[in-house]
Every structure is written in C-alpha cells, then in structure tokens.
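Participant: The chain contents come next:
2 protein chains.
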Amino acid sequence: MARPSEPSRVGRDGARGRLLKQENFVPMSLEPARLQPMANAIRALSMDAVEAANSGHPGMPMGMADVATVLFTGHLKFDPTAPDWADRDRFILSAGHGSMLIYSLLYLTGYAAPTIDDIRNFRKLGSPCAGHPENFLLDGVECTTGPLGQGLAMAVGMAMAERHLNAVYGDDLVDHRTWVIAGDGCLMEGINHEAIGLAGHLKLGRLNVLWDDNRITIDGATDLSSSEDIKARYIATGWHVTECDGHDFADIERALQEAKADPRPSLVACRTLIGKGAPNKQGTSGVHGAALGGAEVAAARETLGWTAEPFVIPSEILADWRLAGEPGRAAHGAWAGRLEASEKKGDFTSQMAPIGSLVGPAIAGYIDDLARNPKTVATRKASEMALGPLTAAIPQLVGGSADLTGSNNTKTPSTLPMTAEDYSGRYVYYGIREFGMAAAMNGMALHGGIVPYGGTFLIFSDYCRNAIRLSALQQTGVVYVMTHDSIGLGEDGPTHQPVEHVMSLRLIPNLNVYRPADVIETAECWALALTTPETPSVLCLTRQNLPQLRGKGDENWSQANNRSAQGGYRLREATAARKVVIVATGSEVELAMTCADELEAQGIGADVVSMPCAELFDAQPEAYKADVLPTDALIVSIEAGSTLGWERYTGRSGINIGIDTFGASAPAEDLFAHFGFTAEAIVPQILNKLNA
Amino acid sequence: MARPSEPSRVGRDGARGRLLKQENFVPMSLEPARLQPMANAIRALSMDAVEAANSGHPGMPMGMADVATVLFTGHLKFDPTAPDWADRDRFILSAGHGSMLIYSLLYLTGYAAPTIDDIRNFRKLGSPCAGHPENFLLDGVECTTGPLGQGLAMAVGMAMAERHLNAVYGDDLVDHRTWVIAGDGCLMEGINHEAIGLAGHLKLGRLNVLWDDNRITIDGATDLSSSEDIKARYIATGWHVTECDGHDFADIERALQEAKADPRPSLVACRTLIGKGAPNKQGTSGVHGAALGGAEVAAARETLGWTAEPFVIPSEILADWRLAGEPGRAAHGAWAGRLEASEKKGDFTSQMAPIGSLVGPAIAGYIDDLARNPKTVATRKASEMALGPLTAAIPQLVGGSADLTGSNNTKTPSTLPMTAEDYSGRYVYYGIREFGMAAAMNGMALHGGIVPYGGTFLIFSDYCRNAIRLSALQQTGVVYVMTHDSIGLGEDGPTHQPVEHVMSLRLIPNLNVYRPADVIETAECWALALTTPETPSVLCLTRQNLPQLRGKGDENWSQANNRSAQGGYRLREATAARKVVIVATGSEVELAMTCADELEAQGIGADVVSMPCAELFDAQPEAYKADVLPTDALIVSIEAGSTLGWERYTGRSGINIGIDTFGASAPAEDLFAHFGFTAEAIVPQILNKLNA
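So the sequences go chain by chain: A and B.
Position one of the first sequence corresponds to residue 1 (UniProt numbering), numbered consecutively onward.
Position one of the second sequence corresponds to residue 1 (UniProt numbering), numbered consecutively onward.
Everything labelled a hint here was simulated from the structure, so no lab data went into it.
Since this is a predicted model, take the numbers as computed values, not measurements.
By construction, the Cβ of each residue, glycine as well, lies at the ideal position given by its N, Cα and C atoms.
Heads up, a few of these hints could be off.
25 Å max Cα-Cα, derived DSS-like pairs, lysine-lysine [as the list claims (entries may be wrong)]:
| id | chain 1 | residue 1 | chain 2 | residue 2 |
| --- | --- | --- | --- | --- |
| 1 | B | K579 | B | K625 |
| 2 | B | K381 | B | K552 |
| 3 | A | K375 | A | K345 |
| 4 | A | K689 | B | K231 |
| 5 | A | K625 | A | K552 |
| 6 | A | K689 | A | K625 |
| 7 | B | K231 | A | K231 |
| 8 | B | K381 | A | K625 |
| 9 | B | K375 | B | K260 |
Output of the computed footprint for chain A on chain B, the stretches with three or more beta carbons under 8 Å from beta carbons of chain A [unchecked claim]:
| id | region |
| --- | --- |
| 10 | 164 to 177 |
| 11 | 395 to 407 |
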C-alpha cells in the first residue's frame, strides 16, 4: 500500500521570510514504478473520451499526465470529499482545451463527479464533462478555462486572495498554494504579461505555474510565430524559473520542490512531448485538437502497455489514485480542529459567507441623509460616497483600479493598499492592466472570502471584455466600476468616449449593467450589485456632475424599497393626459425631466421612466412592464449611446435619441449640444411625431 | 543657418545583412545650443494649449520634447509638404494622451495643419487638435492613439508593411523606418507583449521605440504597480535595447544611431523627467494629466527662459524648425525621380491604389460557377474558396490567423508565409495574439499598399475588440475573418460560443458585420468588404456546413447585382397571402426557409428575408426597407445569438428567436435542437401569435 512517507518537516515560506508549520499536510511520495501506470490512466481516459466524442484535445492531457500525477500525488493539498474546503490548494487548468486532464484527475482521485459515465459522455449534452472545464458544472474545477491566458490570470487573483486572508487570519486557517498548468497559448496571449507582472510585483510565492513546454501550437511548431526566451521574460518580471523533463518523475519532483521553496512565484518549464504515448502522432500539431483515430489509439495502448478496456481503470491503479487525496483529507480534519479552536472562528466564518445581508444596513443611513440633504455630484463621486460606508462595514470588499484611482473614485479610507509587504490591505494598484485586473478579480471572487470591485474607464471595458464575460459565465459577484461613461467625458475625444459600450455590455448574459441617474440611484445600484453573488455588475458612471433627482419618499430607505431593483420605474408621472413616456438612463434622465416639463407646459402629458438596469426591468412581470411602458403612448428613449436595442422598449414607431457615430473632442456641454442632447433638439421631434 | 552637415554615407541594414544606400536622406545635425530652444518651443506650446483648454496632459510632451527634437531634426525622414509620400518614415505617438507633442511638431515643422489657431483651440469642438491624435483629422498623424499600447502595436504592422513592400519593390522605392514614442502604459498593457513578440520574431529592425522612461503613471510612481525589468523583457523577446539620458542631446543622438544600426527592433529607454521645465511639479504624477495652472506656467517660463507670449514662437526658433523637413523634402524629390525611372512604377502605383475595381472581376467567374454547380460547405470554407481567386488577383491582400489557420481557412495558395527570412510572403502566422494581430492589421492598412485580413474565432473578437473599434474609427478597410460564429461550433462549449458577439459588433459605428447564409452570399460579402476602403468588415462564418440557397439569377454575377449589397433582401417570396416575414442571418436562413415552407403548407404566406449585413440594410431608402419588412405582417427574426437589437426590425409585437443565455457543450445539431432552433419549435410560436 502507498503510504505518506515523508516525515513532518518545517519549511520556509520565503515570501514572508518566516517559518511555516507544514505538518498539517504530508503528501504521498510514490516511487516512479507506481506513478507510471497512474499517469497512463490519464492518457487512456483522455484518448478514449476524445475518441468517443470524436472531438477534443488529446495532446495536452497525454503530454502533461506525468507532471499532473506528481502534482496530485505529491504536492496538491485537496480533499475529494470536500471540494469547497476553504484551505485547499487551488488547481487551475489554464490550458482548458486539455479538459480531459482535469476530468481524469477528478474521477481518479475520487471526487463525487465526474463519474465514468460522465466521462463517456464527454462533450455531449448534459455531461458535466464539457468541452472546456466549467466551474459551475463540477466541484474541483476552480474556474472556467478555455479562453487562453485567463486561467493563469485568475490564479493570480486566487493567490492574492490567499495571501490577503492569510494576512488577516494567519497560517492556522489560511495556508495554501495555487497551482496552474498552462500551455504556450496561455503564455503568448497579452494577458499573460499583465498577470505575471502583477504576480511578480506582489511577490506571490505560493503561485506555481507548470508550463507545458511542448513547442507545438495548433498552426505548427511554436517557432512559426515566436522567438521569445520565455524563461528570461519571466525572470525579468520577478519570477523564479526552473525546468524539468516532464516525463521524468524524479526530475518533476525536484522542480516542484524547488518551486515551492522559492519566495517568488515560480514558472516550471516542463519539457514534454505533446500526445506522449501516441507513437505516430506525438510531438506534432496533429495530436493537438483532434481525436487520434482508432488505429493510433490501438498503437498508443500498445506503446503504453495499457490493456484495459476503454473507460476501465484497473483496480490496483484506481486504488493508488484514490489514496492521493488521503493526506489532504487528513489535513482538512486537522484544519477543522484548528478552526473550531480558533478565536477567529466567527470572523473567518463570516468572511467566507455571502455579504448580502450586510449591504442594506450599511448604506441605509447614508441614503436617508441624501434624501434630506440633496447633493449634486458626478455618479463616479456618488460611487465613492456609497463605497465609504460599504467598505467600512463589509471587510470582504477589496477595491482597486487600473491606474485611474483618482478618476474612478474607487479608493476609500477603509481600503489601504495591498502590497507585497502587507497583504492585509484591501486596495490593489493594478497598474495599466485592465484585462489582468478583471481576471484577477474573477480569481479572488472564485477563491471566496473576497468580493472584488475594480475601476477603469468604461471605454476600456473593451480591453477586458472577455474577462467580464467570464465573470458572468462563472457566476461571480464581481463589480466593475466603469467611469467616464459617455461623451460626457468631454475633451479626451472619441477614443475615450464609450458610445456602444453600455448597450454592448447589456448583451452579455447574466451581467447586470447599471447606469444610475443620480447620487441616490448610484447607492441603490451599489446595493443591488452587492446582493447578486452569482451575477456580476457593471456600474456605468459619469465624469460630470448630475443633480439629485430622487429623495422624496427615500427618507426611510431600505433594500426593500430600493426603487432601482425594478430596473426601470416611473420617476415622474404625467399631470396632463399622458401621450408620451420618456425613458432614459444615467445622465440623460435629467434631460428627460426637462423635456417632460416642456411637453407638460404645452399640455402634453409625459411620464419619465428612469431605467438604471435594463436587465432587471426585463425580468419584471409583464403587467408591470406594460404599465411603465404602455403601448398607447409614444415611447421615447434618451441615452447618450447606441440606439440599436432601444427598440425593445420604443418599438418600430417610437423615437430613439442616441449616438450612432463616434464622439468628438470638446468640453462635455458642447458635445451634448452638438449631438442633439438638448430639450431644444428633442422636444420638436416628439411634437412632430405626435402630429404625424 | 542650419544645414544638413553629415556627408553621404553607407549604412548597414543588419536585419537583412546587406548594404543600403543612405544618400537619399541626409538629415540635419544641429548643435545642442540650437536644439534646446527648439525643444522648449514644444514645451511652451504644450503647456499653453493645455492651460487654454484647462484639460490635457502636459507632462509627456514636456518630458519628451528633447528626444522628439533630436528625432525630428536628425533622424525622421518626412516631407511636411507631402504627408502622404509613400516612402516617408512613420512616426507614431503611442502615448497619445501627450497629443500636444505631435501637434507642436507638425506645426513647428510646417505641415499645412495644424495652424497656431488650431492649437489655440486644442480640445475644442472643431479643432483638428483633438484630445488624442486622430488620423482622420490631421495629415502627419499616422494613426489614432490613446487606447494604450495600440500605437506601438500598429507601428509593428507598419514596419511589417514596409519590409513586405521593400521585399517586393526594393530599396529604391521602399526604404523607411517606423519610429514610436511610447509611455509606461504602452509597455504595461498586455498588447505590448503580443506586439513586441511579433516584432522580435519577424526581426523588424527598422522599428525603433523611444520609451518615455519617466517612472510615473497616473496613480503615482510606476513601482506602485510594477517591478518589472523592462529592458530584460525586451531583450528576451528578441529586441535590441539601449538607453539614454532623455535630456542630453548628444546622448539621445548616440542612442538613436545605435538603434538604427542594430538589426533587431530597438527599444531606447529615454530616462526623462515628466513635465520637465515646470519646476515645482516636474517628476510627479501631478503633471501627468492636468493643466499646470497659471503660477506654474509662469514658473516654467522662467525656468525655460521662455519670454514669448503664449502661442508665439520666436521667428529664429521657428525658422530652425522649418528647416527640419528640408532633408526629407529633398529625399522625396530624389525618390520621385527613381520612381519615374523605375520599371516597377506601374506595379508600385497600382499597389498603393485602392483595390475596389479589381474585386468584382476577380470573383465573378467563381460565383457564376457556383450558380451553376451548387455547393454545400461551411461558410468558413466558402470564405477560403472566395479568397482563392481574390488573393490570386489582388496582390495587396495579406492574410493571416491567430494560430487557427486550418480552422479559419484563411490561407490560400497565393499567400505564402511572411517570415524574417522572406518578407515577400503574404501570410502572417500571428501566433496566439488576437489583439496584436488586429492592431498590426490596422498598422498595415494605414501604411498603405496592403489590405490585410486575419482570422480567429468570433468569440475572440472580445480579445481584440478595441482594435476592431480603432479599425472603424480610423476608417481602415481591414477585414476580420471570424469563424465558428454561434453555438454551431458545438462541443467546445460556452467559452467558445459567441452568443452576444454578432449583435455587439453591429453596435460599433462604421463597421460592417456580415453573416452570410451560404457559399454565394459569402463571396458577395467578401466582394463588399473589399470595396469599402474606409469601413472595416467582420465576416461571421460557420464551422458547420450550410446548403447553397442562392444561384438562380446569379449566373451572370457582377458587383452591380450583388444582392448582399442591400444588406437584407427577400430571398423567398410568399406564395399564399403574406402574413409573416421571417428575417434571418447566416446559418439560420436555411431554418427560416423550412419554417416558411411549413407555414405555406398551412396556407399562410411567408416571406424569407436574408439579412447578411444589417448596417447596409439600415442604409437603404425607407421605401425599400418598408417593402422588405412591411408593417402589416408579423415579423419574425431568427439568429442564433442575442435577441436584443432585433426589435429594430420586428418591433414590440414581433417574435425574436435567439439565445439570451450562454451556450453549452454538445454536438451542434443537439444544441440547435436544445436551444429551439427547429421548425418544430418555431412554427407553433408563429401560429400562436397569428391566432392571438
């Protein structure tokens, strides 16, 4: 029987330069003769599953099987019976196309899922073994990967979360590592530069990246498109780099030990043969993303000495694999005992719990004050004001900005800098790294214990768009603070003026896009954003000042009467017979009010509907929506952005006031006039339509 | 008087290892005493303009004024009287927020614009001196910059274009350099990694990047967020690196000479003081993005010894500046003589001219054949088929893919690889660098003489979205070949299935988004994409096979009867009395036809409208649109993507068949059934609505 064989030992966590108790976790140490068939089990399952699906990527799992086997048996701290144990090591398969690697590992080590039938149904409808690993389908899949580079970048966020919580709660409760398997694509994508720059700067020594250095991409050899000295680049960015023969168990073991010992984040270049075991195709791009075919599978079985039927793992090999999680299970037990005995148990438990119930009470008094003492401020400033009480009351909130702190207004007195010298801070200077920031926030949210928010200009949502999408797909509660939300940013001009961005973000499923109209709506939107832990939010905020439009009836505010929760609501009711409903968002609600005043002055009844969140409005009952946007009135939309999409509310016969061209460089008030955002320009259009 | 003082000389172009004739261009060489007031003229104009606008970034122009002065007087080959001279050096201000630097330089060296009044109106409506430099507002602004990192990445494309055209036309006609001024932000953004990786791999020795190494970002010192050894990183990526004191003219000169001499692309780290000259604010983030204020401007004038009134340049300094373009003007004259004498004159002239007239004839025969011999192929394959005759006939077409050549079907027999050993090839293996690819394509298009197209999966339009936006803003004719355009990609699952992308790209102004329904529409869309040189295109193409729906009437095809040119057209006309119009795109047009068949079988007249390009349809006369989508019929849209936006055509009472959630992993046909894309699911909805 395999047994944990290493004695208790004391290791050195160089990143902090202090001694760490490692007796909590004593992994197995198996001889190579035992490891080889275990690794081949991964190869067999991977090629069989890809073959059955006639779709998928066998090359990576087969190439990295040996490295993964050493990692899972000798280093990774995990408890298959408790995949959500807070102090587990995180394992990220950044090269998500090699998904059969992680499915194999989860099955072999005895997670409740996937079952062998799930693996048989790889890439078929309903199987949790999807084409790429999805965090919402399988425990043990820490994050959704496939969009290249983002797994590693999310791992950076997880490693940040670990260091932060460690700084707050100590080694007894938080003391784990983050492990990544990444491919050439993950290293070639631009986000890699941002992610490793952040990790190097923050000295995330507990982050270890195992690079599948197989020198093959889909188009062919990596030297078709790259001449980079990757190791030198990582060293230049503050990383420790080592390498190993990815098919020599002892050498892999040495490299992982070295990675753990170094105080810097580590890159382990694992020299591998893609598709190792498939004798005629290994080492070529032909094995990257296509099934091997029956003949080659047969040849591979011969090469590997694998005689079991497809999807069958010999019992002695499976038994060895099932032992791999035992050390972690024991460590989990010890950890649970320490938690029970800890004076920080209550705080730690709250830290890891949802924050929803904290939000309303944290902010109610602030809104009460606003109701009584109106404020004219930019909504970016209103956001900062709301963040004051929120960050004071909710320790999970960790803020930051991609080098626009003073513009995004994301920093509060409660959020001190998180640095390599003091990870306990709750504010991250992300640098000019929007994509890296967004992915790191996803990682922190997925780690648990942290609710991240981060700022940039709304236009630069383009730079991190796929990470926002992954926030939504992965069902995280990340909050994006996107300021300078229209031509209202003024002089910086069209490169910096989001025209299409608000609408284009609304298109992303499971993402709430908020565009509040004043200081109270901004607070309400923050309150909503922090109470949807499975739906990320984008707050689109102005650079320019906006008058307070709300207040009457908000004096005894609570989440229960958060008017923004309906997504859109009647802010002003027609006094004359209603003929027009003007629906607007953000900075244009004030303009809608002015237009309505002018119409009413001419005896034309006009409602104004503020719609801070179209997604929440769409989710209201039909009767509510029909009441707010009746079919017997002319519906007019005003939003300083794309009109496409507004027809959902205005129909083919309504009026859509917006901008369908790029903006221009000028002071904001000149631009609003130039692009027709004045009552003088809009009211006549409404009158013409009514008279048509 | 300043005079060109260097003798003719013979330099060595190490990238190719051969001798280059340099006598064509002999720049000035002025002593530092003459250069200093010239540099201070930039400082004065920059601080005055920012002060007048009370908006802008004075720090960068003041910090880089000395470097820019050496570059423009001693190295840059340009003719202010002919900004579009094909063989000029390209100068890119990648740190576009420092726009007053380039406006100052263009004014001082005597370009027709900007005038001093334009500079007075910096950042005001109508001034060509916009907040960030816009290529469509000023000659001499080679590309629009501001979105950080992209200027440098576009410069890579320009340098590729230069080497390609040099390989084809020789040193006599194409022999210029690309110069970049970049800031810390340009180097920190992820796209930097992609861009310099491509440049290093392709050994673009004529690309020189002058890095404004001022160690300040908006949030503060660069070490707040970065610990990277930038020089080591560039060296690791195949670059030559040198450095200089950015305020020592002789040292700058030495570094630029060194950069020109090295066969690799060069990074020159110019150690500067941000805002140099403003005695109390220089060297701090306070001078980065805000006006200095009257007192500090006065102090700066004192420090610089600058006594002229605001916006006035003393005549002797202006006279020196006006000489800077003389060597380039002379070189331009010599070049024109060589062109006139060249046997390649005709070819070169065609190469640099618009390609529109070549397109129809290149592809007409191919479409004729299809009309007579229908083909069932995926539209990505149809794209490859169309590219065959197009790339054979049009030498300007340069293709590529971000490591998905075999999936995007972007390579043809006419497009051989472009490599460091042979730049004459017309196919770029961009590597796993979507953003870098898109920016490089923008650079190639802006350089002229090349019409670039490049492929990736449609989902990864997210990774390069802001570069697509810059294609549109800059009015380039770049073509994006985006395959695997819906859940039809199947097994790869939701991370790889574009749901919101087609609609979200439609939101970008001046971008044509094509989603052809069959092999003929695909060819038509290509023909359209290549005849809009000021509007970029995205072709959204299927992975899966589609039947040919067109052909009758297409036998004598020409651009004049390109039916896709109307954006949407009646593909099938109701035979019974029309009650329904089904409008669909791409792979769903086939389904629309089936639904129409079933409706007609029940006596319900149904048109089918194919809408390969909504933007072109929107641009049609109202009468045409009303005829195609009449208000007295039920309008039904079918597109395997977001429904939001389709209400423009279907109104509040139509039916929108689409997907407003993420996809799933399964074979394509299972997914289409699962998500309701079958006649069995759709026809009853139509009947219910008609009977409601």
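Participant: Now tell me if each hint is right for this structure.
Facilitator: Comparing the hints with the structure gives:
no. : hint            : in the structure
1   : B:K579 x B:K625 : 17 Å, holds
2   : B:K381 x B:K552 : 21 Å, holds
3   : A:K375 x A:K345 : 41 Å, violated
4   : A:K689 x B:K231 : 63 Å, violated
5   : A:K625 x A:K552 : 23 Å, holds
6   : A:K689 x A:K625 : 23 Å, holds
7   : B:K231 x A:K231 : 15 Å, holds
8   : B:K381 x A:K625 : 45 Å, violated
9   : B:K375 x B:K260 : 53 Å, violated
10  : 164 to 177      : violated (count 0)
11  : 395 to 407      : holds (count 6)
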